[in-house]
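Please model the complete structure; the sequences and the hints are all you need to start from.
Protein chains: 2
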Amino acid sequence: MINRLCIIGVGLIGGSLARALRAKNACKTVIGCGRSESHLQRAIDLGVIDEYTTDVVEAVKGADMIVLSVPLRAMQSLFEKIDSVIDDGVVITDVGSAKSSVELAARKGLKQSLSQFVPGHPIAGTEKSGVDASFADLFKDRKIILTPLEENSQADIQRVTSMWEETGANVQCMSVTHHDEVLAATSHLPHVLAFGLVDTLSQMSDSDEIFQYAAGGFRDFTRIASSDPVMWRDICVENSDAIIKIMDMYIKDLEALKQLIVSADLDSIEKLFARAKAIRDAYTQST
Amino acid sequence: MINRLCIIGVGLIGGSLARALRAKNACKTVIGCGRSESHLQRAIDLGVIDEYTTDVVEAVKGADMIVLSVPLRAMQSLFEKIDSVIDDGVVITDVGSAKSSVELAARKGLKQSLSQFVPGHPIAGTEKSGVDASFADLFKDRKIILTPLEENSQADIQRVTSMWEETGANVQCMSVTHHDEVLAATSHLPHVLAFGLVDTLSQMSDSDEIFQYAAGGFRDFTRIASSDPVMWRDICVENSDAIIKIMDMYIKDLEALKQLIVSADLDSIEKLFARAKAIRDAYTQST
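Just so you know, the sequences run in chain order A and B. Mapping to our numbering: the first sequence position 195 is 199, numbers consecutive. Mapping to our numbering: the second sequence position 133 is 137, numbers consecutive.
Honestly, I wouldn't trust all of these hints.
Covered stretches of chain A (chain B as the covering partner; in silico rule of three or more C-beta atoms under 8 Å from a C-beta of chain B) [stated by the list, open to error]:
| no. | segment |
| --- | --- |
| 1 | 121 to 134 |
| 2 | 186 to 195 |
| 3 | 218 to 231 |
| 4 | 248 to 260 |
| 5 | 269 to 276 |
Hints in this document: simulated from the structure, not taken from any laboratory. C-beta: ideal position from N, C-alpha, C; glycine also.
This is the structure:
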C-alpha cells in the first residue's frame, strides 16, 4: 500500500497510473504536480488526484512513492530539484521511453538519493495525451520494463514492481542498452516513420486532396503521428544512437525493396511480403 | 436492379460487394467465379453467392454486370477470355488498386467489348482477405473512384455508379494518372513501409524478443502488413512508376529527419512532429 503517491506530470501515463492504483485501493492519497494549474485542476475534477501543487519540492514532501512522468529532457532538472529533499525510505521511479538518457540524468541530478531511483518504462500508451485521455486499464496485461541501477536495493525494486503489478501489468527487468535497442525498433522507429509519412504527404502539391482519399489502412498506419510532439522530440534526441542505427537499417532495406520494385522482381517481392505477413499474423495471435 | 451479377474473385472485396447488394435487394442472382471450388462453396455456405463455376466463360454467360475482383496481374488473361463472349448491354467493371495497369490490360485484352469496361476502385478494405472476411458494410460512407475510358458511354458509367451507391459508397470520377499518384501516396506507400518494417525487424538478431515488446502503436502501424502478399506484389509492380517516385521522396525526407536527429536539432524535430500531428488530427476529425 502506498501512503502518499506523488505524480509529477499528470498526463496520459501519470493519470492512468493514479486511476489504476485508486481503483485497486492501492494508495491512500495522490498528489499531482505539473506546470499548468488548469490541467491539475482538471485532474482533480476527474477524480484522478486528491491534491496538487506546481511546486516540485512541495509535491514530494511526505510522499513515499514518487513517479516522474514528464518528457525525457525535463528529467534532469527535476532530479536536481528533489534530490536534497528526498527522505530515506522514499522510492522514485519514472516512465521515460529511453532509459540510458534517464539513467544519465539521474546520475547527474541525484547525488544523495540515487540509490532510491528505480528506472521504469510501461510499454503502453495511446496516441492521445493529457489527463483526459487517461484510464485505469491502460496497463492491464501490458509489460512494464524496469532497468534497475546497480545501486538499487532489491526492496526498492520490489516496491516499484508491486506498484505496477497492482495495475494489472507484467513487470520485467532488462539492461538499459537492450531496452533502448528494443524500443527503438518497435516503438521509436514506427513513430518516426509515421510522423515522417504524414509530413511527406503534406508537402505534396495536392496534399489536401490526398488525405481525402486515404482509407482505413492509412488511418491505422498514421495513428501514432497524433502523438505528443515534445515527448517524441525528446525520445528521438535522447535515444538517438539506437534510433539512428535502426533508421539506417530500415532505409537500406527500403532502398533494396525499391530496387525489387524497379526490376519488377515478382518472386522476391512476394516472398518478402509473405514473410512479413506470416510474422505479423503470428504477432497478432500472440497478443 | 442488376439481374445477374457475376463476380470473378469472391474474396474480401468481391464478397462484400455481393453481400451489400443482396442486403439492399439490388441484384437478383449472384454467380461467383474463381479457381478454388472450396472457396466458392464457402461463399455459397455463407450466403454470399447463389451459384458458382470455375469456368470464366461459363460464369459471364447471361450476366448483365461483371465485376473483376482479382489481383492486378490476373486481369489481362481474364479480359482475353471473356472478350468474345460479352453480349451488348453487359457492363464490366473491376476493383483493381492501380488503374493505368488495368486500363492497359483492358486495351490489350478487350477487343470487341472495350467500351463496356468501366474501371473502378473502392477505397475500402481491411488487412484480411478471403470471403470469410467480407461484410455488407465495407463500402458504407467510403469513396469509390471510377476512372472511365474515353470509349465508355455515360449510361454504362451510370450503371456502375448506381451499383456502388447501393452499397452506401460515394462515387467519384478521376483521371487514371491522378488516381495512381494519390493511391501510391496514401495506400501503396504505407503498405510497402509496413511490410518493410516487419521484415527489417524480423532480421534483427533478437527479433523474437523484439516483437514481444511491441505495444499498441506498433500493432496499428503494422496491421496492413497482414495484407495479401500476391495482391500487394501486383500493386507494387503494376503501379511501380508512382510508387518509386513517392518512395524516393519519402526516403529523402527520412534521411533529412535522421540528420535532424543526428544533429539534435530540437526545434526542427518538434516543428516537423507538430506539423504532422496537426494534419493527422485534422484528418481524423474529418473522417
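Do three or more residues from the segment 218 to 231 of chain A put their C-beta atoms closer than 8 Å to C-beta atoms of chain B? holds (count 14)
Between the segment 121 to 134 of chain A and chain B, are there enough contacts, at least three residues with CB-CB distance under 8 Å, for the coverage claim to hold? Coverage by chain B holds here, the residue count being 5 at a Cβ distance below 8 Å.
Count the residues of the segment 186 to 195 of chain A with a beta-carbon closer than 8 Å to any beta-carbon of chain B: does the count reach three? holds (count 8)
According to a criterion of three or more residues whose C-beta lies within less than 8 Å of a C-beta of chain B, is the segment 269 to 276 of chain A covered? holds (count 4)
Examine the segment 248 to 260 of chain A: at least three residues should have C-beta closer than 8 Å to a C-beta of chain B. holds (count 10)
Hint violations for this structure: none, all hints satisfied.
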